[in-house]
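Trainee: Assemble the whole structure, with the sequences as input and the hints as a guide.
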Amino acid sequence: MSQDLAGTKPVIQFKDVTKVYSLPAGDVIALNHVTFSVEPGEFVAIMGPSGSGKSTLLNLIGCLDVPTSGDLWISGTRIGDMSDYDLTLLRRDSIGFVFQQFNLIPLFTVLENVQLPLTLKTQSSVAGDRPKDVLMSVGLEPALYTHTPSELSGGQQQRVAIARALVNDPEILLCDEPTGNLDRKTGTGIMELLAGMNRNGKTIIMVTHDPKTAEYAKRIIIIEDGRIQ
Amino acid sequence: MILFEFAKRNIRLHWLRSFLAVLGIVIGVASIAAMGILGNSMVLSIGESLSSVGDTIVVSPHTGGSGMGPPGKTNEKITDRMVEQIKRAVTPNLAIPVYSGGDRMKIGSKETAGVIYGIKIDDIPTLLEVDEGSYSRGETAAMVGRKFADENDIKVGSRISVGTKGIVRVSGILKERGMGFDINPDYGIVVTDNWYAQAYNATDYDMVVVKVRDLAQIDSVKESIEKALNKREQVVNVLETKKILETIMTAFSSISTFVMAIGGISLIVAGVSIFNIMMMSVTERIREIGIMRSLGAQRLEVMKMFLYEALILGLVGSTIGGVFSLLGGYLVSSLILKTTKYVFVPSSLLPVVYGMAFGIAVCLVCGIYPAWKAANLNPIEALRHE
Ligand SMILES: Nc1ncnc2c1ncn2[C@@H]1O[C@H](COP(=O)(O)OP(=O)(O)OP(=O)(O)O)[C@@H](O)[C@H]1O
Ligand SMILES: [Mg+2]
Chain A
59 MSQDLAGTKP VIQFKDVTKV YSLPAGDVIA LNHVTFSVEP GEFVAIMGPS GSGKSTLLNL
119 IGCLDVPTSG DLWISGTRIG DMSDYDLTLL RRDSIGFVFQ QFNLIPLFTV LENVQLPLTL
179 KTQSSVAGDR PKDVLMSVGL EPALYTHTPS ELSGGQQQRV AIARALVNDP EILLCDEPTG
239 NLDRKTGTGI MELLAGMNRN GKTIIMVTHD PKTAEYAKRI IIIEDGRIQ
Chain Z
155 MILFEFAKRN IRLHWLRSFL AVLGIVIGVA SIAAMGILGN SMVLSIGESL SSVGDTIVVS
215 PHTGGSGMGP PGKTNEKITD RMVEQIKRAV TPNLAIPVYS GGDRMKIGSK ETAGVIYGIK
275 IDDIPTLLEV DEGSYSRGET AAMVGRKFAD ENDIKVGSRI SVGTKGIVRV SGILKERGMG
335 FDINPDYGIV VTDNWYAQAY NATDYDMVVV KVRDLAQIDS VKESIEKALN KREQVVNVLE
395 TKKILETIMT AFSSISTFVM AIGGISLIVA GVSIFNIMMM SVTERIREIG IMRSLGAQRL
455 EVMKMFLYEA LILGLVGSTI GGVFSLLGGY LVSSLILKTT KYVFVPSSLL PVVYGMAFGI
515 AVCLVCGIYP AWKAANLNPI EALRHE
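Residue numbers (our numbering), protein chains in the order written: chain A, 59 to 287; chain Z, 155 to 540.
It is possible that part of the hints are untrue.
[Unchecked claim] Selected chain A positions facing chain Z (Cβ under 10 Å, derived; list incomplete):
{"no.": "1", "residue": "131"}
{"no.": "2", "residue": "140"}
{"no.": "3", "residue": "149"}
{"no.": "4", "residue": "159"}
{"no.": "5", "residue": "183"}
{"no.": "6", "residue": "187"}
Please keep in mind that the hints were generated in silico from the structure rather than gathered at the bench.
These numbers come from a predicted model, not from an experiment.
No residue lacks a Cβ here, since even glycine has one placed at the ideal position from N, Cα and C.
Mentor: Shown next, in the form of structure tokens:
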């Protein structure tokens, strides 16, 4: 287990990772012996055709899934045969997700959605000023905080989602097609926001189809048929 | 807590189906608890009448042959000789021979009918309590039952013409007695034994009422009567009122078992519908479950989200059911037992607590599987769910 690379310690490290989905029709190899690593503060875009394994890769980084074989480390922790409980803790404390469909909880207000990861972490309903501060930092006015997600525009919803992803100050921000459901102008706004977060030191991994969106990243990983090119 | 908030809002969003599921819980809890209240009130009120009439043993002629008890010769009446035997057997307790019958009666121009008891003047105060006027002093004096007096406008001093036998003068109105197991003069009159014997040409009595001073002796007194009279063959039935009350209790307990069974079935049905709407909630919320899990909610926390929902439904249903059971218990108690003083005592309220706890438990149990299912969804698949 040589995890000690000289200099900086990578936040993400894949070593010979394979992910196989067993289906009745046969096995699907979604990731095929993937090895790479990401240093703190990087902004990486993952690109590739549909079905190439981008989401699978993101799910592994996000501790939503475990590899079939190979080793991987997320913020210094080895994800091998970690229990669901520990994977969930890692997700809660070290990962922030931003999805294409925003994935806000419709029963909760904007503010409650952002408070959610914090309340899960502190096990208390007192959230303090942090959620409001983060909402401000993604450019949302306090007047919106008591609205439900359905009352917001797509761009506003994605800002709420980003605020929610950042509220626990995770090491890694994972974005799966963050602009996929937005028009060009709104998408640009979101990308400017993410780029700003990255300038402040946040490590961002982003899946995208769109080359223009990928331009915001400092590094592009191309994946095809489960292999990194 | 935010998980509780989630459950609350989910219910509010689907208030109609939640309401319907809660209805079953309400009915189940209400009927179970109401029966408990009623049963307890009944036990308490019977217990009270037990102490007031429980000191009584009723000796009546054995009418034989009907399969009840050992066979013996059919005896219509209780003779003087038997009365003497009974008196000797129960000393120092009192044995009061009673004539009983019924006849048409005329008060002024009003005609009616009622029961008539013939009791020795001296014994009347032992058996009965006077409410108005005084106990009979002369042989043509009569005491009238409260209900009979009220219905027929009979006052102290009124005259009643009894069948074709003559006229008696009312000397007193008796206190209402309610359910009595020896004699029940509420709907009739009590005349002196001499008057009765003359009027109806009676020599033998219809029953003997024995008043036992010490409740603990009931059984031994009963036994000595049996020994004295039923030694060779059964000639009399000896009944203690305690037994009669016990019979009534048994009858009630089967009614209450029946109603409780209905309540139980209602709870089971409610449980099924709780299970159903919980499954619906989980299915509708699969995506949110995935989101919660991606944000770091543990399986247990997801489970709590849905168990809270079941808990809220159970609490609301059981509380409403509990309130209804109190109202229902109060109503039925006032109708059947004619009193509500036993409804709000601790031992009557205990069934309400049990009923509510049971209702909540049913909801939680029925919520466990859906909640468990929600907790064990694969987060990735849940997130992908449309
Ligand atoms: N849960 C699963 N069960 C079975 N097969 C799966 C599962 N998830 C993904 N796959 C398969 O793994 C392969 C990679 O899927 P993945 O979702 O990672 O692709 P993708 O690059 O994200 O595609 P897209 O651009 O369409 O989102 C595909 O062939 C897919 O069918
Ligand atoms: Mg994908």
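Trainee: Look at each hint and say if it fits the structure.
Mentor: Hints versus structure:
no.: 1; hint: 131; in the structure: 19 Å, violated
no.: 2; hint: 140; in the structure: 14 Å, violated
no.: 3; hint: 149; in the structure: 5 Å, holds
no.: 4; hint: 159; in the structure: 9 Å, holds
no.: 5; hint: 183; in the structure: 6 Å, holds
no.: 6; hint: 187; in the structure: 17 Å, violated
Comparing the model with each earlier hint shows violations of hints 1, 2, 6; every other hint is respected.
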